[in-house]
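Peer 1: These are the residues of each chain, in order.
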Amino acid sequence: MKFTQLLAESAGAMLANPLRTLLTMLGIIIGIASVVLMLAVGDGIKAFIDKQLAVLGSNLVLVQADMRKSAGARLRTGTVQTLTLDDAEAVNRLPSVVGAAPMLTMFSQISVGNDNSNTQVQGTTPASFRIRNLRMAKGSPITEVDVASVARVAVLGKKTAEQLFYKADPIGQTIRIDNQSFQVTGVLDNEGQSFDAGDIGEIVIVPISTARVSLIRTASPRSVQYVVAQSKSAESVNDMVVDIKELLRDRHRIRADDEDDFRVVNFGEFAKSGAAIATGLSVALGFIGAISLVVGGIGIMNIMLVSVTERTREIGIRMAIGARPSDVLWQFLIEAVAICVVSGLIGIALSAALAAAVSSSGKFELVVGVKAILIATLFSGAVGVFFGFYPARRASKLQPVECLRYE
Amino acid sequence: MTTALVELRDVRKSYFSNRIETPVLHGINLAMQRGEFVAIMGQSGSGKSTLMNVLGCLDTPTSGSYSLAGEDVGSLSRAALAGLRNRTIGFVFQSFNLLKRMSILDNVALPLIYAGVNRKQARERAQHQLARVGLGELARRQPNQLSGGQQQRVAIARALVADPPLILADEPTGNLDTRTSADIMAVLTELNRDRGQSIILVTHEPDIAAFARRLVRLKDGLVLYDGPAREGLRELAQEEAVNLAGSLSTATTEEQA
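Line by line, the protein sequences are chains U and Y.
Reading the first sequence from the start, the letters are residues 13 to 419 in the numbering used here.
Reading the second sequence from the start, the letters are residues 12 to 268 in the numbering used here.
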């Protein structure tokens with residue numbers, strides 16, 4: 013019997029009882045959709061993390077001033093500024109550090125004429141632009157001269173520039189930060205998330221010296237909130253972290269059994285935990301998918317057994333007019349596989365629709381790849397073969413005489 | 012070499028249930044040449060259906076030999092038996108046995124499909140065969156849209172489509188009214204007369220058996236009569252008359268007593 017004939021017969025059998033066929037298919041549909049989503053979520057999270065890391069700048073760690081533990085009493089974070097400009101310079105001189113920049117940040121009221129917005133102002137040094145991968149859309153970044161001369165200059169994030177100046181050129185214009193005038197020297201090109209989860213398009217960057225003098229009151233004249241440091245390569249980040257910790261403990265005269273008075277945040281670690289979450293999610297979805305496929309497969313086996321019984325007479329007729337046992341076997345096997353593959357395709361369509369819905373929210377990109385589709389299709393076919401074989405074999409073993417007697 | 016189309020030698024068939032043997036055929040000897048039209052008669056329990064199943068290669072004898080179109084049926088595997096049925100036998104059943112979900116055309120084409128003929132060619136030949144039984148117009152219909160007589164014609168078309176040397180008709184008129192029965196028998200008789208089609212007809216009705224030229228009567232798993240249909244049926248009628256008279260006289264005696 014030809015394959016096309018078998019397919020036509022399978023289609024006929026499936027359509028003979030559409031509701032039952034659909035219900036039978038549900039388990040496989042859900043299973044395959046889970047498997048496809050699992051693959052898409054895994055890929056999506058990985059792509060998301062890579063993108064985020066690229067936005068942050070590569071191989072960065074953030075050294076954060078923490079509370080000083082004095083005689084066991086913990087003070088609130090930030091009340092005592094333990095990091096200083098000198099610490100930043102010392103970190104910068106470490107051989108494992110390519111560049112380091114101190115930072116002070118605050119939220120301030122920015123205004124131009126009657127327009128105003130409240131956003132994050134970052135006081136930092138020119139090194140910051142390089143290591144954080146900040147690019148200029150227009151004008152120039154903060155310079156060493158600006159820092160040295162405590163210049164009242166500012167670089168605007170893209171969105172802030174648009175919000176304050178619309179289409180007009182902001183370069184050379186004056187803005188007010190906390191009611192003090194600053195001249196705009198440049199506009200950033202970057203988009204996306206900053207390391208403190210703010211939007212990099214909304215920040216305003218000023219020289220760190222100016223920030224201290226005009227905008228933020230610090231505990232001591234040289235203290236800073238953060239130091240951003242970059243290592244040579246992804247592999248050497250951990251070495252750099254060790255070096256920085258050693259250096260700062262030494263500089264802060266922390267005894268061997270006391271805790272650090274600073275924190276080092278390694279963005280690579282975020283990536284790792286993100287990847288771990290992705291793997292966990294994938295495993296969970298994969299598990300649901302696998303269970304659903306097994307349950308669905310058993311459902312298919314059950315329905316195929318019912319179908320064989322119901323169609324005993326048909327089998328007898330077919331055998332009488334010349335169907336060999338193998339013809340009957342193939343007929344029922346192909347039918348089971350067809351049910352599974354159609355379910356698989358519906359499952360893929362369902363997961364693609366879900367992925368599109370998630371992607372359209374704009375927060376997260378979920379793509380159902382060709383690889384996932386191929387795997388899912390093959391898998392559903394395999395389920396059909398596995399669970400369809402026993403009923404099909406049973407049908408092929410029936411005796412024509414008994415089948416013809418069956419009412 | 013000219014061999015008989017059908018040759019049964021001392022064919023015995025027993026059924027086993029819980030190891031208890033129930034013999035049904037007690038040694039049947041029967042030979043049939045090509046072109047013959049044989050009716051097999053017998054009351055229920057005579058082994059008629061079992062003989063039919065053996066003749067149709069749907070069941071194999073417990074002992075004895077059966078050769079069909081020169082092939083020794085006893086030595087064949089299930090797959091080979093299926094192939095033999097496909098090539099040499101066209102079945103016509105009492106309950107038509109058409110497949111419900113398929114069109115008339117596909118039903119008729121099915122034996123060719125199992126013979127490995129491609130779909131297009133099989134359908135062409137099926138259409139041709141349907142036209143010969145006068146149902147060419149109804150090819151696209153489903154079986155349940157046809158009358159009983161039409162369904163049986165479709166079954167005959169299906170039996171003929173692969174050109175088998177033997178037609179095996181098992182009570183072909185059992186589910187039909189008298190007029191339609193006569194129609195169906197006319198079709199079979201014509202096939203035998205005009206095309207030399209060999210036919211075995213299993214029936215319990217003497218009127219239907221009368222269409223055949225040769226009669227085989229079974230009783231208790233043995234051949235009771237094998238000869239020309241006319242004489243056989245006359246003998247049968249006499250026996251029945253005697254039986255009737257016997258039971259009537261018994262009844263009268265009982266009444267008088």
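The reader is advised that the hints may include incorrect statements.
To be verified - Some, not all, of what chain U presents toward chain Y, calculated at C-beta under 7 angstroms:
no., residue
1, 23
2, 28
3, 30
4, 288
5, 329
6, 335
7, 336
What the hints assert, rightly or not - Simulated pairs of lysine-lysine, DSSO-like, Cα-Cα distance not exceeding 27 angstroms:
no., chain 1, residue 1, chain 2, residue 2
8, U, 150, U, 171
9, U, 170, U, 63
10, U, 179, U, 58
11, U, 409, Y, 230
12, Y, 131, U, 14
13, U, 257, U, 244
14, U, 375, U, 170
15, Y, 230, U, 14
16, U, 58, U, 409
None of these hints come from the bench; they were simulated from the model.
Heads up, the beta-carbon is just placed ideally off N, CA and C, and yes, glycines get one too.
Peer 1: Taking the hints in turn, state whether each one holds.
Peer 2: Cross-check of the supplied hints:
1. Interface restraint check for residue 23/U: the shortest CB-CB distance to chain Y comes to about 10 angstroms, outside 7 angstroms, so the restraint is violated.
2. The beta carbon of residue 28/U is positioned within 7 angstroms of a beta carbon in chain Y (closest approach about 5 angstroms), and the interface hint is therefore held.
3. Using the Cβ-Cβ criterion of 7 angstroms, the hint placing residue 30/U at the interface with chain Y is not satisfied: the shortest such distance is roughly 13 angstroms.
4. Here the hint on residue 288/U is broken, as its CB sits about 53 angstroms from the closest CB of chain Y, past 7 angstroms.
5. About 5 angstroms separates the beta-carbon of residue 329/U from the nearest beta-carbon of chain Y, less than 7 angstroms, and the hint is met.
6. Interface restraint check: residue 335/U against chain Y, minimum CB-CB distance 5 angstroms, threshold 7 angstroms, status holds.
7. Against a cut-off of 7 angstroms between C-beta atoms, the interface hint on residue 336/U holds, since the closest Cβ of chain Y lies about 4 angstroms away.
8. Annotation: proposed proximity of residue 150/U to residue 171/U holds, straight-line Cα distance about 13 angstroms (limit 27 angstroms).
9. Note on residue 170/U and residue 63/U: the hinted pairing holds, with a Cα-Cα distance of about 19 angstroms set against a maximum of 27 angstroms.
10. Annotation: proposed proximity of residue 179/U to residue 58/U is violated, straight-line Cα distance about 36 angstroms (limit 27 angstroms).
11. The suggested pairing of residue 409/U with residue 230/Y is violated, with an alpha-carbon distance near 33 angstroms, which exceeds 27 angstroms.
12. In summary, the hint linking residue 131/Y to residue 14/U is supported, as the alpha carbons are separated by about 12 angstroms, within the 27 angstroms threshold.
13. Distance restraint check for residue 257/U and residue 244/U: the Cα-Cα separation of roughly 17 angstroms lies within the 27 angstroms cut-off, and the hinted pair is therefore satisfied.
14. Taking the CA atoms of residue 375/U and residue 170/U, the gap is about 20 angstroms. The hint holds against a cut of 27 angstroms.
15. At most 27 angstroms may separate the alpha-carbon atoms for a hinted pair to count; residue 230/Y and residue 14/U exceed this at roughly 45 angstroms.
16. Taken as a hint, the residue 58/U and residue 409/U pair is broken in the structure, with Cα atoms around 51 angstroms apart against an allowance of 27 angstroms.
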